[in-house]
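Each chain is listed here by its residues.
Protein chains: 2
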Amino acid sequence: MDRRTFLTSAVAATAFSAVGGRSSASAGQAPPALRDVKLLVFDTFGTVVDWRSAVIAEGQALGKAKGFTVDWPAFADAWRAGYGPAMNRVRSGELPWTKLDVLHRATLDTLLVRFKITGLSPQEVDHLNRVWHRLKGWPDSVDGLTRLKKKFVIAPLSNGNVSLLTNMGKFAGLPWDAILSTELVRHYKPDRETYLMPGEFFDLPHEQVMMVAAHVGDLRSAKALGLRTAYVHRPLEYGTARQSTAPAAGTFDLQVGDMRALATALGT
Amino acid sequence: MDRRTFLTSAVAATAFSAVGGRSSASAGQAPPALRDVKLLVFDTFGTVVDWRSAVIAEGQALGKAKGFTVDWPAFADAWRAGYGPAMNRVRSGELPWTKLDVLHRATLDTLLVRFKITGLSPQEVDHLNRVWHRLKGWPDSVDGLTRLKKKFVIAPLSNGNVSLLTNMGKFAGLPWDAILSTELVRHYKPDRETYLMPGEFFDLPHEQVMMVAAHVGDLRSAKALGLRTAYVHRPLEYGTARQSTAPAAGTFDLQVGDMRALATALGT
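Same order as they appear, the protein sequences are chains A and B.
With this note's numbering, you'll find the first sequence wraps up at 565, consecutive numbering, no jumps.
With this note's numbering, you'll find the second sequence wraps up at 565, consecutive numbering, no jumps.
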């Protein structure tokens, strides 16, 4: 089954079908169960932006400038693989609240040794660490978010710290209405405080808040607390060799192929 | 002395002269002492948006629709006059943290009695209370902020709660990069926690953060903690009968007539 077929069948049994920008609903109408949704909050890394390509590209440019050879895809994957364990050290209480930039830097410091990257000045290491502030959207992200912003309040709900998400928004041209970083509640997803934050700030019952993510675990945590959920399929987040598969049809309120399809599905 | 003359003389002794969009510095250059500024944070009520006109206009429309007559300028001024005392009840510890929407509502409830406004449904009172989410920028605000956003991170630093500032941004078309509400630190200005927040979120020394406001007290508090300061003269914030006067020349790093002039003064 190719990707298009797979996605089409996966969404067939959901309340609404919207893949690749096409939609079977009347124009301008969201599914009835979703008509009260006011606020859309987005996972960012992998869902809105393509972190892996950016880390690889900056690494390659750095290696070329400095004259060293590194397996940059492996480096990018190793850096990302350090993300969950580092946050879990905070979530478990082993570390006090620590912003993601600092966790990224601790992982980077070990990777510089492991990948034998030497000769970088402290400023160059700092700059490399902030590559996570310089990620670009997937090709559909800016357009889809711009459409969604006309009807909904849109904000990231990400483990990236406030400055990271703000700088990323400027760099990638993401038209956020507000920056909802989990730093604001000093908890990392999937701690429940993070998913409850948007409704509390906006005085909305949780069913009027929709979590948008490419990751099933993130959506399951949001759904368990009463938020609406939209799954965006981003099979290439980890490259062609490790493509993700979409969840079973009907697992979430919506299941779409990209942000343009989400805009269409929500009637914008 | 007319307004233009007053302003021109008031800024003559400051590091930089920029009134009404004209500037004596070379194009694209900020004053040397301000060249490291990265983040601009803005007071909003009165500085970026014209709260008084909006409250009066919505009140007049409501009165017309409902058939009652109220002195809406007096009503607007009385509502705003309740702002400082209400926040002080939180700042003093008399009340636990309470968001501005709730403080506005408590003041509104007393004003409905005092101005003999009856016959509003709970939904209509809620809607009126949220007029503070529906304020428009001064005529120069969107243009000035759009220019400033190209070079700086721009965010409100306001006592408005997160949803109020986010909705106001959408309503007025203010191109904020992030929403820095004092709600994020559960303190109201001028508590020091509020002014220290931007530098902490963005890992910037305070001299790389500039507070922009039309109110001398706000700027004095920011300056005392090491932030850079820009005074924007908004003489009509309280109407023509109660025009504010600008502070003495040299009191703050910059003193300008509007947001376009601020953009010019900062080299954008």
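Any given hint might turn out to be false.
Since copy identity is lost for identical chains, a pair holds within one copy or between any two.
DMTMM-like, lysine to aspartate or glutamate: derived pairs with alpha carbons at most 25 Å apart [as the list claims (entries may be wrong)]:
| hint | residue 1 | residue 2 |
| --- | --- | --- |
| 1 | K447 | D474 |
| 2 | K447 | D368 |
| 3 | K335 | D368 |
| 4 | K448 | D423 |
| 5 | K520 | D398 |
| 6 | K335 | D423 |
| 7 | K448 | D398 |
| 8 | K361 | D437 |
| 9 | K448 | D474 |
| 10 | K447 | D333 |
| 11 | K433 | E391 |
| 12 | K413 | D500 |
| 13 | K467 | D440 |
| 14 | K413 | D440 |
| 15 | K448 | D333 |
| 16 | K520 | E391 |
| 17 | K447 | D437 |
| 18 | K413 | E391 |
| 19 | K448 | D488 |
| 20 | K520 | D474 |
| 21 | K363 | D437 |
| 22 | K446 | D374 |
| 23 | K447 | D398 |
| 24 | K363 | E421 |
| 25 | K448 | E421 |
| 26 | K446 | D423 |
| 27 | K467 | D423 |
| 28 | K467 | D437 |
| 29 | K446 | D368 |
No wet-lab data here; the hints were simulated from the structure.
How the hints compare with the structure:
1. K447 to D474: both (10 Å within a copy, 17 Å between copies)
2. K447 to D368: neither (42 Å within a copy, 35 Å between copies)
3. K335 to D368: Neither: 44 Å inside a copy, 35 Å across copies.
4. K448 to D423: between (38 Å within a copy, 21 Å between copies)
5. K520 to D398: Neither: 28 Å inside a chain and 28 Å across chains, both beyond 25 Å.
6. K335 to D423: between (38 Å within a copy, 17 Å between copies)
7. K448 to D398: between (32 Å within a copy, 22 Å between copies)
8. K361 to D437: neither (30 Å within a copy, 46 Å between copies)
9. K448 to D474: Both: 12 Å inside a chain and 19 Å across chains, each within 25 Å.
10. K447 to D333: within (15 Å within a copy, 35 Å between copies)
11. K433 to E391: Answer is neither: 33 Å inside a copy and 47 Å across each miss the 25 Å cutoff.
12. K413 to D500: Neither: 50 Å inside a chain and 29 Å across chains, both beyond 25 Å.
13. K467 to D440: both (15 Å within a copy, 17 Å between copies)
14. K413 to D440: Cα proximity of K413 and D440: none, with 40 Å in one copy and 49 Å across.
15. K448 to D333: within (11 Å within a copy, 38 Å between copies)
16. K520 to E391: Neither: 28 Å inside a chain and 38 Å across chains, both beyond 25 Å.
17. K447 to D437: both (16 Å within a copy, 23 Å between copies)
18. K413 to E391: This pair counts as neither: shortest intra-copy Cα distance 29 Å, inter-copy 58 Å.
19. K448 to D488: neither (28 Å within a copy, 36 Å between copies)
20. K520 to D474: within (23 Å within a copy, 29 Å between copies)
21. K363 to D437: neither (34 Å within a copy, 47 Å between copies)
22. K446 to D374: Neither. Shortest intra-copy (32 Å) and inter-copy (33 Å) distances fail the 25 Å Cα cut-off.
23. K447 to D398: between (31 Å within a copy, 24 Å between copies)
24. K363 to E421: within (11 Å within a copy, 65 Å between copies)
25. K448 to E421: between (42 Å within a copy, 22 Å between copies)
26. K446 to D423: Answer is between: at 24 Å across copies they meet the 25 Å cutoff, but 33 Å inside does not.
27. K467 to D423: For K467 and D423, only the intra-copy Cα distance (19 Å) is at most 25 Å; the inter-copy one is 34 Å.
28. K467 to D437: Answer is both; intra-copy 17 Å and inter-copy 22 Å each pass.
29. K446 to D368: Neither. Shortest intra-copy (39 Å) and inter-copy (37 Å) distances fail the 25 Å Cα cut-off.
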